[in-house]
Amino acid sequence: MHSIVKRLLSLSLFTLLITFSCFVLLRLLPGDPVLTLLNIDELSATPEQIEAARRELGYDQPMLVQYVRWLQDIFTLRLGNSLQTGRPVIEMLLESYLVTGELALGGLTIALLIALPLGIGSALTTRRSVVRLAHLVSMSGAAVPGFWIGLLLVDLFAVRLGWLPVMGREGMTSLVLPALSLGFPLASVYIPLIRLNLRRELNQPYIELARMRGISERTILWRYALRGSVPPVLSVFGLTLGSLAGGVVVLEVLFAYPGVGKLMVDAILQRDYPLIQGYILLTTGVILVLHQGIRSLNWALRPDWQKGTHT
Amino acid sequence: MKKRWLILWGCLLLFISYTVFKNPFNTNVAKRLEPVSFEYWLGTDGLGRDFAARLFLAGLISLGFSLLTVLLTACIGTCLGCLAGFYDGRLKHLIHRLEDGLVIFPDTVLALVIAGLLDASPQSLIFAILLIKWISYARLSETLVTETMQKPYVSMARINGLTDSMILRRHILPPIIRQVVVLMSLDVGKVILFLSAFSYIGLGVQAPLPEWGAMLNEGRPYFSSAPRLMLLPGACIVLTVVATMGWTRWMKKKGGYVNDSDSELTRSGETRPSA
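From first to last, the protein sequence lines stand for chains A and B.
Just so we're aligned: 221 in my numbering is position 221 of the first sequence, and the numbers increase by one with no gaps anywhere.
Just so we're aligned: 551 in my numbering is position 240 of the second sequence, and the numbers increase by one with no gaps anywhere.
If you are wondering where the hints come from, they were derived from the structure by calculation, not from laboratory data.
Warning: the hint list may mix true and false statements.
Simulated DEER-style distance windows between Cβ atoms [unchecked claim]: (1) B:316 with A:63: 32 to 40 angstroms; (2) A:52 with B:454: 53 to 61 angstroms; (3) A:208 with B:474: 47 to 55 angstroms; (4) A:95 with B:554: 41 to 49 angstroms; (5) B:374 with A:9: 43 to 51 angstroms; (6) A:162 with B:348: 27 to 35 angstroms; (7) B:474 with A:292: 38 to 46 angstroms; (8) A:140 with B:474: 46 to 54 angstroms; (9) A:166 with B:558: 33 to 41 angstroms; (10) A:117 with B:460: 41 to 49 angstroms; (11) A:171 with B:402: 54 to 62 angstroms; (12) B:454 with A:133: 27 to 35 angstroms; (13) B:399 with A:269: 44 to 52 angstroms.
Covered, in the sense of this in silico footprint (three residues per stretch, anywhere, with C-beta under 8 angstroms from a C-beta of chain B), are these stretches of chain A [stated by the list, open to error]: (14) 109 to 115; (15) 145 to 151; (16) 253 to 267; (17) 273 to 283.
Beta carbons: idealized from backbone N, C-alpha and C, even for Gly.
Same shape as in the complex, but just chain B (with noise of 0.2 angstroms):
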């Protein structure tokens, strides 16, 4: 174990200097489309920069917007559904509200919407994501949190006088994070693909940056005479996105979750020993 993540320690510092001291954004209009050398670990695209280096840059780039984007999401909703499930009353109402109406649009209409409403940028999508999003952690951690409510040690902290905020923070959050964490980094893989797809018509990451997607559109014209181009960061973004789902398979299996179904979060009884 220990020397496996050695080995991806080295190489991510490996690509990292590689990245730096091939600056990916220098176009070099003489040495467009060189195939794979020494020089150009992966050849250069079409504006002659460096391909290795943008492939490596945009997948930091898309893994930084997933990763802030389902943190934001995550924590939004959860507190949100905490709410809903501590607070019974107005407010339980109104977020229920608020999901039922937002629930059935469709992510894609929606950041659609609202690019089209302020403008075709990372900032919008987010925006978007973080609209649809956040209603599963909500609907989540409401349901953990008024079957936690049930348990004595909770009526006990109340006996024993303690705040409803330090009930929230000691006794209900913690359960509730665990499977929070599942859930979202099963959404990261999904952001990622969301974001490669909107930056290939434009409205996502905006060029001079690289993003998987968006180098798959500036690639389609030398699809014959390149087309690693066009496979590599395809290539790379399935492999991120089944990185992510074996992530999840195992934190699944970590913290108690039994895999029941191909895809459905079921969480494990008491009863039941996890696998």
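For reference, chain A alone in the conformation it holds in the complex (with noise of 0.2 angstroms):
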């Protein structure tokens, strides 16, 4: 109990320090808000008008009264109000995060339904037309950018058949496309991740052991070897949560799925910074806990790694 409480104070100083620094980077660097905002450049818009934006910001206060109250902002849980829409961005980001995992979630059932019969089965068998087979579908979705198969896709099944939505996020069919085109590339990853850390387990002494006290070859490799390969699967995965987490940047531009990842190129391009800034705490909170959870999975499965340096 003390180490779980020592560890969420590290992590909570560690995100205000986080915070800190991309405040006063946000600050010190190029670029106005309010310029933006008044969406005109410095020649048409009187210098009266900018002050008086400014002021009404807040933006016109010293650097650390600015932060201050953004800090009193995070703990009323609304992080300010976006420049562009005026909507508190805690709701902005809660509604994108939703759609985020919606797409997250159709992406990595993709991408576990590819791996996992390719994964186990390479690794069990000793046909070559198997293993070349998860070969090629690992190495081909390492090397296809997951964006051009989402374009050649609705190209395919949106525009020439016309079997599903070119893109936006009406109902379930309108999710088809983005998952798969994010399973793909995802899938990669895993196949070979699981093929390895499967054989691995399968070479142990334990399990030839087993073997001997005549433990049936179903038992073994469901309860010992998958259950031992799980770990090392499972910090990897917890890298493409976190990823997830940040949104599926190009994949919800390109289908126009109103998740964080869009939010976040259109905060960008439009110098948002309330927006951005609750972004970056978010989300750097959202990949410390997951994190912090996928290691204490880890631990519950294989104690022994407690003592080591894995991650």
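Reassemble the complex: the two chains are provided individually, in unrelated frames, and hints are given to aid placement.
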């Protein structure tokens, strides 16, 4: 219990550090949100107008005052208002996190559907064709950009055949194409990973011992070998989840899917500072928590890892 | 082998001269979406620019960007890794903390954040990639340095009175460089993919410079009328990445790596003959 509290404390300190450095960086760098907001260049807006907008948004205060004000916003769980839409940042972010979560779930499902059979199958079999197939799928998944697959799929199934919607988010059918183009590159990471770890686990002496004791092959595979090969795969899975939590940027833009990635790309192009700050804060928090969660899960599965430096 | 290189250089020269003659930036609205012809080898794009010339220039940009980024990353990562491996103590601790702090951040998230903090440009992409990728180089070289430090010839060199920097340069770096180069060649393809994805959404290479991902975005409205505008840049990306993969494989074989798994870098021990 004590260690959990300590961890949480250090996590929140780390997050605070990140927020402060991001805040300072954002303010020091060029690009004026007020000018972008007024959407006019310096020539056409009168200095009084700019000054008024600046005062209204609180950008005329000293930096430390602005930071403290933002911290207040964090603790009231509102994170301020977006400069472009005027809505609370937290509301916009949560909305788009849900959309991204939906997309990530679809992509992960596809990835698992491809990677589990191919990875496990190619680890167990000695048949060359299966190993070749697994290798081919993982190679092509690593080499083909996901958004290109998406474009080609859209052209085939949405434009030419008209089976599925081209873009946007209406119902389950609009999820199919993005999930496919997300799942295929994801699967390419997991096929060799599952195969390698399962093979390594199957070569361990304890598996041989189990065989000698007459435990059936099925039990050995499901109860022993697969369980042992989970932690390394889970570590990578944590990284995948983290990167999905940040938004499936390119695919969201391609399919006009209103997720976090798309929200951020728009925010960056419009210099919407409160939104960018909120994103950095929330995503960092989510990633840290995910990372810690995966680590604890691995400790539960493999207590011997706790002593080592594995993460 | 010689003949193959000759053909390669010949093709390169041909494309360079073609690109020079057909300016890839010249727009000609009267000649929009021209089909493939002798004058325009791969036709023209939506603004009447020569597509073949743009495709070639985009390739040069992608490769140049990728090589530069990977080289920079490898230099920084290897230096820090060597330092951490060579000098035990506070510096090592600091470098480890830095690695642990950064490694959990996914590259796309970091690239987005940095594009948000700085600017949507290739420079911020380089910075983001640098921030993420140096870790793998640092970890690799640190492991190798710690391993090499235990070799008797290092103690021998120390007994003979060589300075730290000389030991590092003469005895420790050379075996590391070979392994780092293999890792680099794998990363070149990855960085090209990354750049094309970010250029596609407009946060990478900016117009009017061509880039394969950006070209995919430009060609999207004309998908049904001129599918080559979408097919060729994508195919170029895939071919380049596959080429870097093949190159990595070849180097692993040459450099004493044993291709144990499909993707893991496993170093061959002294007892095992290199494949």
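Problem set entry | Index of numbered hints that the structure contradicts, given in increasing order | 1, 14
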